[in-house]
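Chemist: Each chain, written out:
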Amino acid sequence: MKKKSFSGTNNYIASEQLIEAVNSSIILEKPLLVKGEPGTGKTRLAEEIAATFNTDLISWHIKSTTKAQQGLYEYDAVSRLRDSQLGNKKVHDIKNYIKEGVLWKSFILEKKPVLLIDEIDKADIEFPNDLLQELDRMEFFVYETGEIVSAKQRPIVVITSNNEKDLPDAFLRRCFFHYISFPDEKTLTDIVKVHHPNIKTNLLNYALSSFLEIRETPGLKKKPSTSELIDWLKLLLADDLKPEDFVKNKNNLLPPLYGALLKNEADVELFQKIAFMSRRES
Amino acid sequence: MFLKLFYALKSSGVPVTIREYLDMLKGLEKGICNKSKIDDFYNFARLCLVKDEKYFDRFDLAFKNFYEFNKDFFLELKKQIPKDWIGDQLKKFFSEEMKKKVKNDKDWEEVLKEFEKILKEQEKKHQGGNKWIGTGGTSMYGNSGYNPKGIRVGGTSKNRSAVKVWDKREFKNLDDQISLNIRNIQVALRRLRKFARQSSELEFDLKSTIFSTSKNGGVLDIKFCPERTNKVRVLLFIDIGGSMDEHAQVSEEIFSAAHSEFKSLDFFYFHNCIYENVWKDNRRRSTNLTSIEEILRIYKKDTKIIIIGDALMSPYEIVHPGGSIEHWNELPGSYWIKKITNYFEKVIWLNPEKKNNWDFSQSTKILKELSNNMMFELNISGIESGMKELAK
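As you go down the protein sequences, you meet chains P and S in turn. With the first sequence counted from 1, adding 51 to any position gets you our numbering. With the second sequence counted from 1, adding 187 to any position gets you our numbering.
If you're looking for bench data, these hints aren't it; they were derived computationally from the structure. Because the structure is a prediction, the values reported are computed rather than measured. Ideal placement from N, C-alpha and C gives every residue a C-beta, glycine not left out. Keep in mind that the hints are not guaranteed to be accurate.
As the list claims (entries may be wrong) - Listed next, with one range per pair, are the computed distances between beta-carbon atoms:
#, chain 1, residue 1, chain 2, residue 2, range
1, P, P219, S, T477, 56 to 66 Å
2, P, N249, S, L212, 21 to 31 Å
3, S, F411, P, N180, 46 to 56 Å
4, S, V406, P, G310, 31 to 41 Å
5, S, S568, P, G310, 54 to 64 Å
6, S, L190, P, A289, 26 to 36 Å
7, S, I205, P, E198, 31 to 41 Å
As the list claims (entries may be wrong) - SDA-like mimics (lysine to any residue), calculated; alpha carbons at most 25 Å apart, straight line:
#, chain 1, residue 1, chain 2, residue 2
8, S, K394, P, N147
9, S, K213, P, A221
10, S, K394, P, L132
11, S, K418, P, D217
12, S, K217, P, S58
13, S, K251, P, L132
14, S, K251, P, N147
As the list claims (entries may be wrong) - Selected chain S positions facing chain P (Cβ under 10 Å, derived; list incomplete):
#, residue
15, E207
16, D226
17, N230
18, F231
19, K238
20, F391
21, D392
22, K402
23, G405
24, V406
25, L452
So here's chain S without its partners, still in its complex pose (with noise of 0.2 Å):
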């Protein structure tokens, strides 16, 4: 039963492994949560199972179908009803001549078989999808810390339900398929630290040391070697105007958070397609215009290129000459890219526009294909694939 669990936590895309589940029956085993109550074991499975918070709200969502699903095989566990549950309750339970009956001859054990008969049909009218006790507005079940699903948590003096731990949804916005924020993003960068020995000798060259130690005849000559430092340097292309002037504002305060992890970085501007210009102030784009050529000249191959455009627009602002919506271009927007790609070692674009909408744009597709299929989702995952792609 558990592993229906288990596959639907797969395939809502928590990294779950057998290993994981067998603790977890492990742990059942042992007698680690009570069986009666439903909370714990939601608990213990998301302790066994989940291993990072982002994944807290997929976990609740598939939880809560596999109880549905369930629901039946948790009533089961709950056969066994309280004694003291029963006598509080019962009062309320029978109608006024039920009542009379119990006054009159019937004895307490009888009336607890009465009680479980009427509770079975109850069950199978639940199951038959007829959710009495939920409609039924002065249900038996409301006063006795049974939820008003009909679903069984009682006897216990907590009056918090199970499903509602669930239904909260309280990590939603740790889900990283969902959130951005700039710590995040931070983190999935540091992926892209790369080290390299240079400037001032500062550490114990161990190798270099025994070597010397040897060539002197087994005197000692301690020889230094620089510290690692971080060499990555990261150009950004970032499109700006119309639909993409929130996300632009947006990457760029991702970027510039993540500063310190690289050697260097800069970004450039352009709108829709990368002509032969881009520009670094939006304000005074008509003066202060810096070419792709130059660009090429400045930086070095192995610099990582990063673009940020929604790549919506249409298809002839980048395979036609003259196709730019802001003046007069030469040569398409594709050979500007093309030339770009052929020479930077290594191109990525992040499109903030969600992915299964890219397949309708013809313009989306044709970038796509010119940044050599490099073209990732903005968002924590996507920046994570990207990143493992530019730090190859």
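Just chain P, with the same shape it has in the complex (with noise of 0.2 Å):
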């Protein structure tokens, strides 16, 4: 059976803004740039969306040193001048030493493929603009062999960014844009679910109440993500704690197992000194 529409799988809770945001660029045939805070699923996004329309997912996952038309083919021209020195038959036909790229992988598929662009801002400044042409028309041209490369299905694709660098307005005007926002208290307590399906309400209840604390907690330099809290429940649950074990005493303002949560020894020392300070007032 096929799917028509995005609506979010057992493993993966989006919002409502998030669903129409996928479905939208999937009926318009846009590419979907994602942004948001590191760990809230900008990635899994895409993984998701194959899923769900039991597709190939290809990923390309971008370097500071990617060029733009790494996606589409290469020309190893040292390959080749190595077999004309060795005297190779090889070396007559050029299409012995044009590589495909991802985007050409994804092109020559028979089932609409999605297409995840990992974060496109690790690149340079020029990636996105290489571009522009390639992802508008889906199709591209083969300098070395005259052929003209276009996608038989028009994949789905997904770009995510996590902001380090601005993109070129001339590249945004043709993506959709989602900016996917921290969950609140109720879709956190979803996602764990989803995560952990056996987890102990009141044990959900203490780390979250914790992991919220450490998020709120004003001048951290790395505040603790989705991900993040997936994983310490995770050790949590392994460890076997109990609700007990979340109870402060003067020795020990931290949460249990606090090092998959902040990251950095000046947060820790920070969140100590403000948890401290807000015991002595209570």
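Make one complex out of these two single chains by using the hints.
Modeler: Next up, the structure:
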């Protein structure tokens, strides 16, 4: 059975706005640019869309050295040069030295795939501009062989960004944009339940309230994210901790296994100080 | 009608283009959002038109205005009233007498007509500016999921009313004209990065490889070149003391956070205006002074200079010898500032005061002129345009 629209999955809680964003971008065949705090499930979104439509996920993880051309194809001039020096017969056909890139692979699939361009802001400032035409028309030209590669099915394109660089306006114009905000307490509970269905309500409440307490501490260098909360709960469950362990005393103001949430010694100190002060007040 | 929203966004500084607007219309044509739900339209419009979360707040405001102006249109959309809703609400709506009437003779259809008539009447009153839905207190709409302001979102099980979404203004602190957090600034400062090839040879150099290979008669001769590294040097002058104290600390934090972005970053302090000496340690300022002459000697011309100060003082402190409030200066501050702007290729002034207030202060005007009009407000967009200027 092929589903027609995305609505979140059993393992992924999506807000209504996000669902609408995904479905709109599928209907209008536009790339969806997703931003948000780290650990709010931007990359997971693409995986879940692929799972919903039961199709392939092709991911392209961008690094600071990634070039747009690598996504289309690469011409391996050096090995051709080497083959020519060695007198290899392969050298006569240039096609032997053209390597398909991620975009090419996603274009030739029979079934509409999901193409994930992960952390596009990691690349050079010019990177998105180099992909404008390719994402717009879903086709590109291979100089070396003179062929035009165009998409059999326009892939569903999901692009994530961590806001490290501004993206060019021309690129933004062609995308839909969604900002995943940090989930509220109820959604957070839902998300946790999806990942740890057997967690006891008591433990969950204690854990969530100390998690939110940490997040609300002013001046933290790095706020813990949803994915860190889930990892932390996994640890708590593995250690089989009881809600009693959350009771704070004079010697221990920090929640158990805080290392999974606070990843900076200055933050730990700050949190301890503030927790101590609020303790004294109450 | 949607053009109004488009122009409202444009005038509030959200960069929207015609292409995005057309995309939105196309989406509406394809029936992406359910017309009866303003929430959906809000989401979809934001999805199409806004491409950066820093504009969400401005979008919310513009959308609010747009909505207020076009309420009537949305009301039109709402004319079709869900039947079950009427069924539920009718009892509350009609007076005892009317209920009796219903019981007595009139059939259901007529009751509905009556209801519509009353509803219409009410809408007219609403258009006339009389908010009796909202202020009525025991409004029949209150229970049905209708917004107390008289805005219709009803018929859905979701109780979250449309207006709230943009009235909450959740994204307020993502707006770049307000917030100034270190991470944002780091991003802004990255514009300054300029790469140059220096140091050890690590990267494959295609051009000279081709050149020397052909020189060699076709036998490979591989060449390398140095990796690209950042070579930008930045020198900060920070106004300290008096009104600038809090700003100075923020500026220091900002720029030290971005330290890794530059090859070198140094800062000096001054008070109100730059004179012949500046200092590095504010506690020992009387003994540990560095003269501007020496700075001009040590730092290269291509060092980027950023002066941070509120430029609020008496004009005499800038243009007259002996104008300094702390010591006797032989030469006026304007002389030293000119010296700096003449020697270094790129100098900008970042001013924590609001730009609108600059024209009211004589000294700000003078200093703006002295820095060749390169004065920017100390907020994200100001820093960004300043960095663009420095990177030119």
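Chemist: If a hint holds in the structure, say so; if it doesn't, say that too.
Modeler: Checked hints:
1. P:P219 to S:T477: 56 to 66 Å: At 41 Å between Cβs, range violated.
2. P:N249 to S:L212: 21 to 31 Å: Violated, since P:N249 and S:L212 (Cβ atoms, about 49 Å apart) do not stay within the stated range.
3. S:F411 to P:N180: 46 to 56 Å: violated (29 Å)
4. S:V406 to P:G310: 31 to 41 Å: For P:G310 against S:V406, whose Cβ atoms are near 58 Å apart, the range 31 to 41 Å is violated.
5. S:S568 to P:G310: 54 to 64 Å: violated (38 Å)
6. S:L190 to P:A289: 26 to 36 Å: Given range 26 to 36 Å: violated, Cβ gap about 58 Å.
7. S:I205 to P:E198: 31 to 41 Å: holds (34 Å)
8. S:K394 to P:N147: holds (24 Å)
9. S:K213 to P:A221: holds (19 Å)
10. S:K394 to P:L132: Holds, because 15 Å separates the two Cα atoms, which is no more than 25 Å.
11. S:K418 to P:D217: Given pair S:K418, P:D217 holds - Cα atoms ~22 Å apart, limit 25 Å.
12. S:K217 to P:S58: holds (19 Å)
13. S:K251 to P:L132: At roughly 64 Å apart (the allowed maximum being 25 Å), P:L132 and S:K251 break the hint.
14. S:K251 to P:N147: Roughly 59 Å between the alpha carbons, so the hint for S:K251 and P:N147 is violated.
15. E207: Holds. Min distance 6 Å.
16. D226: Since chain P brings a Cβ to about 8 Å from S:D226, closer than 10 Å, the hint holds.
17. N230: Constraint on S:N230 satisfied, holds at 5 Å.
18. F231: holds (6 Å)
19. K238: At 4 Å from the nearest chain P Cβ, S:K238 passes the 10 Å test, so the hint holds.
20. F391: Hint on S:F391: holds, closest Cβ of chain P at ~9 Å, below 10 Å.
21. D392: violated (13 Å)
22. K402: violated (16 Å)
23. G405: Holds, about 8 Å.
24. V406: Where the cut-off is 10 Å and the nearest Cβ of chain P is about 8 Å from S:V406, the hint holds.
25. L452: violated (20 Å)
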